[in-house]
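Peer 1: Read top to bottom, the protein sequences are chains L and U. Our numbering numbers the first residue of the first sequence as 1 and each following residue consecutively. Our numbering numbers the first residue of the second sequence as 1001 and each following residue consecutively.
Note that these hints are calculated values from the structure, not bench results.
Listed next, with one range per pair, are the computed distances between beta-carbon atoms: (1) ARG1031/U - GLY269/L: 42 to 48 Å; (2) THR1214/U - ALA19/L: 50 to 56 Å; (3) ALA19/L - GLY1187/U: 41 to 47 Å; (4) THR1214/U - PRO169/L: 53 to 59 Å.
Which chain U residues face chain L? A few, computed with CB under 7 Å, are given here: (5) THR1011; (6) ALA1016; (7) MET1292; (8) ILE1316; (9) ALA1370.
Every residue, glycine too, gets a C-beta built ideally from N, C-alpha and C.
Next come the chains, spelled out residue by residue.
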Amino acid sequence: MREDDPGTMLAEQVGRLLAERSGAATLRAVERGEWPAALWEALEGLGLPLLLVPEAMGGAGLGWRAAGPVFQALGRHGAPAPMGETILAAALLAAAGIAPPPGPLSLTANGGERVPWGRHVRHVACCDGETVALCDAAGVTWAPGANLAGEPRDSAPPGGVVRSAAPVPERFGGEAAAAALALLRACQMAGALAAALDLAVEHAGTRRQFGRPIGRFQAVQQQLAVLAGEAAAAQVAADRACRAADRHGLAGAAFEIGCAKVVAGEAAGAGAAIAHQVLGAIGFTEEHPLHHLTRRLWSWREEAGTERFWAARIGREVQAVGGAALWPFLTARDEDDDTTP
Amino acid sequence: MVGLRFEPRDTPPGSAALRREVRAFLAEHGRGWTPEVRGRSWMGFDRAFSRAVGARGWIGMTWPRRYGGHERSAMERYVVLEEMLAAGAPVGAHWIGDRQSGPLLLRFGTEAQRMRLLPAIARGEAAFCIGLSEPDSGSDLASLRTRAERVPGGGWRLNGRKIWTSFAHLCDWMIALVRTAPAERDGPRHAGLSQFLVDLRLPGITIRPIRELTGEEGFNEVTFDDVPLPEDALIGREGEGWAQATSELAFERSGPDRILSSYPLLAAAAEAAADPVPIGRMVARLATLRAMSLSVAGMLEDGRSPAVEAALVKDIGNAFEQAVPERVRDLLDVADAPEGLRRLHAYVTQVAPTFSLRGGTREILRGIIARELGLR
Ligand SMILES: Cc1cc2nc3c(=O)[nH]c(=O)nc-3n(C[C@H](O)[C@H](O)[C@H](O)COP(=O)(O)OP(=O)(O)OC[C@H]3O[C@@H](n4cnc5c(N)ncnc54)[C@H](O)[C@@H]3O)c2cc1C
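Given these sequences and hints, build the entire structure.
Peer 2: Written out as structure tokens, the structure reads:
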């Protein structure tokens, strides 16, 4: 991604804003169930919600390649507000020709179970097969819930108020919401892993034992190198899935999105373990910020399809293709065959 | 903010057509390859095959035409390489010349050296080996002791010993890193090293193949006993050997040969497997590693020197390649698998330990990454 990419520039703005205005205190408040109103307004002020909405509908008209770095920047800071969900919901609604309403949004693909940030958002994009409906969220009696990171995951009783409903275009597909959420979580995990690496490296440079920084011990260095590798793999897998979504549509990019969710999920498990090992006991405290990242990593890998879920899908697809045709299948995913004889 | 950035890179337009050509070629030549040949991958040596690859213009693809090259892009070359590896082709007779000896000569060689050797490499006729490791110098390469001394009246005299030299017993040339000036006490250890082009037919050279645990002969011990090297055997500048040798490391380390060594086994097992989950995990990993390796290839093509990125891709690529035979045991009962698959699995199981040794060990690569993280 080049410096002048809109996605990179936006991601830098998001990163700066969150570095200044968010942090452990905000994440703690969110985990207590508070709504980060000021932060939400600041994020909204960057023009993020309509990132993926076509210009004709008043949006920024950008693609998944631009959204990916923004999702990663949100993940790096623990995603203290449902901006990723809002961007996805607005994209799905707009794709179906429904004007996305202002304010925080969320989305669901399973009829309102464990909706991210449900109690805090104004509307939810309810996806059911090929249809997306704009549903009211305010006024709903949410059954509050949370993932293990304390992020709101709330359930709504059936039969809420539907403002409008329309079919999702083919490019988005019948599993658009699930695929979009998997892509978002993969990107967020890549960001959170980069932040966990930062924390662990910083700690290794300052914590001293046996008369020197623990980062001078080769055993610690080697573990951090592994964490750096996992973080890089997650980032590449996430970027690749975003590019595939631009190229083939969300529906056509299920393979790459699945790969990203698997690789980022594996990296989340391995990476969180290393970060905690390097941080020692301090990393297990409520006071130290590491857990805001690692608990989210453990949560996000469970959401929108575990590694096992996506790997089974990929595996079945690969088995259907067959061993001899697997290599041509893999290379053709990234190449347009412009010269078919 | 630490961590490395891998920018996405596409293969060039026309790749699909190029792949078709290579696949047709491999289908024709690969009919008789046994599971062991496919499992050996780029550690397999077959001169006739390499000549056929050269005749198709797939060696020295990026080099200038006047040196027998084909002036194609680095990414087109990448496409050809990964097709060869995916098929488990025995590319060893031209792999080293194409991957590092040729590029080294192109960069540091004299015009005469280039004219003499590059066209022969590109035809698949001149086979090269790498003379780095010595009995007492493995990871600590700079401690090497093989030495070349100037001979009054011109030329050099070479003495010492190299070891683990892949294919030396079958090759024509070695590019050796040797000492031309003693390491000074307290001076930089990398000073005083130079690279030489060694014609393996010269007198004073003894090549002793070393049997591998598979029972095959792949690597060698090469002894130099007063070997007379001509004046023009020096490559580049005297004393610059370390910098010259390491300048190619990013090329050497990030290629598809660091992620695909066990691909033929993965493909064979995918079909026979009962459980799709481990296959899905491996394929997800492989697809990601390919993207990372392509990203590094793109940085190289842009003239950058992504040494750390290359080390990182090699490290996680090797870990993946190495895990494949173990994962496959989860996929299916290997003991009951069809014969071809069983043999392929048995072979790859035996050679997999080398993946994280050759070309820089896992620990050395992780040390390079840790330095980038500011830890050392
Ligand atoms: C199949 C095969 C083909 C090869 N072909 C060639 C060839 O063609 N030409 C050539 O020159 N060489 C070749 N090699 C040699 C290869 O480059 C060396 O094996 C490698 O550099 C490691 O050196 P070593 O084997 O002496 O191990 P050592 O350096 O003795 O290392 C043994 C172990 O100790 C670890 N270790 C060493 N130093 C450190 C450190 N500072 N910190 C932490 N751990 C450390 C290593 O990581 C390794 O795990 C080949 C090797 C193999 C296996």
